[in-house]
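*Asks:* What follows is each chain in one-letter form.
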Amino acid sequence: EPEVTQTPSHQVTQMGQEVILRCVPISNHLYFYWYRQILGQKVEFLVSFYNNEISEKSEIFDDQFSVERPDGSNFTLKIRSTKLEDSAMYFCASSAKNTIYFGEGSWLTVV
Amino acid sequence: LAKTTQPISMDSYEGQEVNITCSHNNIATNDYITWYQQFPSQGPRFIIQGYKTKVTNEVASLFIPADRKSSTLSLPRVSLSDTAVYYCLVGDHGSSNTGKLIFGQGTTLQVKP
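Protein chains in written order, with the working numbering: chain A, 1 to 111; chain B, 1 to 113.
Check the hints yourself; a few may be wrong.
[Stated by the list, open to error] Derived DSS-like pairs: lysine-lysine, alpha-carbon spacing no greater than 30 Å straight-line: (1) B:Lys69 with A:Lys57; (2) A:Lys97 with B:Lys3; (3) B:Lys54 with B:Lys3; (4) A:Lys97 with B:Lys100; (5) B:Lys100 with A:Lys83; (6) A:Lys57 with B:Lys3.
Note that these hints are calculated values from the structure, not bench results.
Chain B with its partners taken away, still in its complex shape (with noise of 0.2 Å):
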């Protein structure tokens, strides 16, 4: 499973995007990127996964280079309520594997108005 790095915080002012970038140096060639959002005291929300290019949401935007080692997570015009923990997580869920997960301490964003 790959590790990856993302800072521990960041601010930001409502109507802003937001972007939020991961680094996964060791990614594997079968492992996916997903990202999820948790309020505290709330099970981690699927926000977005992909494996290469751009992929894009009702809610997010998932940019991933050609090497694949890094991936940022771009909030359109954040509001107060987008403030929570946002994890960065790789790894090979499919089927022949377990799809256990390892998460790091995320990114934990705060929207100010």
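Only chain A is shown next, with the shape it has when bound in the complex (with noise of 0.2 Å):
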């Protein structure tokens, strides 16, 4: 069955670091996400993509925050100068038409 993979699985980073999280939608889908979950929240909306652009991004997704999908496979998730509170789970999604698929999550640890 084909999946989203996701890398690193758990990155300890500093306060002020740049991250980037990277994804490998499946294959033929065309629309790209990325959500976060705080350790005991909800899982909230970060941005969507199609298209090579975003089509839409909630109030999370600031300045701080990129996404780009460089070589036609990859998906990344940027996130510069890190915060204690950007410490969660990030989960990488993409779909085809109706049905969003999640990869298994990248665990950052800001310290």
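Both chains are sitting in their own frames, so use the hints and assemble them into the complex.
*Replies:* This is how it looks when you write it as structure tokens:
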């Protein structure tokens, strides 16, 4: 069964550093997403991406965040100047039409 | 995006059938109903999706009444490994929509031996 894969599975970074989380969506999917889940809280939408541009973003997705699809297969989330409150599980997702499939997540710990 | 309401928690025993009902009174004409399962520290896993009536796959059934204002996820003969959080989501994820999903707290299902 095709799946969304994410790397790294776990990253520890110092406050103020930049982090890039990588995702390989399911190959025939055209819509890509990032969500995050702070420990013990709900899964929150960050951004959706289609046709090489952002189609929607949440209030969380401010100038600190950016997304890119650099090579037609990978889909990345960059977090600049990380803060303690950025510590969370970040999920990449993709869809072809009506069903969105999630990756296993990248656990980011900012210290 | 239609808001959903589902029980915060449910308990069951191994081998029983579990039914989790979700209310979505403001569902729109183009909205689909999708259920996900999430284990701790893992991504939401797609279980089943439907638009109306009944949908069945190898792991679950989804019952949707004619008015579509609610839906029921049915898990046959649960096992301990079905202990997880189950989310009901409603939305139009089609090509004309951004596919944003609004997650609630979900239903924490605890399966006991």
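*Asks:* With reference to the structure, classify each hint as holding or not holding.
*Replies:* Each hint, compared with the structure:
no.: 1; hint: B:Lys69 with A:Lys57; in the structure: 28 Å, holds
no.: 2; hint: A:Lys97 with B:Lys3; in the structure: 21 Å, holds
no.: 3; hint: B:Lys54 with B:Lys3; in the structure: 21 Å, holds
no.: 4; hint: A:Lys97 with B:Lys100; in the structure: 13 Å, holds
no.: 5; hint: B:Lys100 with A:Lys83; in the structure: 25 Å, holds
no.: 6; hint: A:Lys57 with B:Lys3; in the structure: 19 Å, holds
Going through the hint list in order, the structure satisfies each hint without exception.
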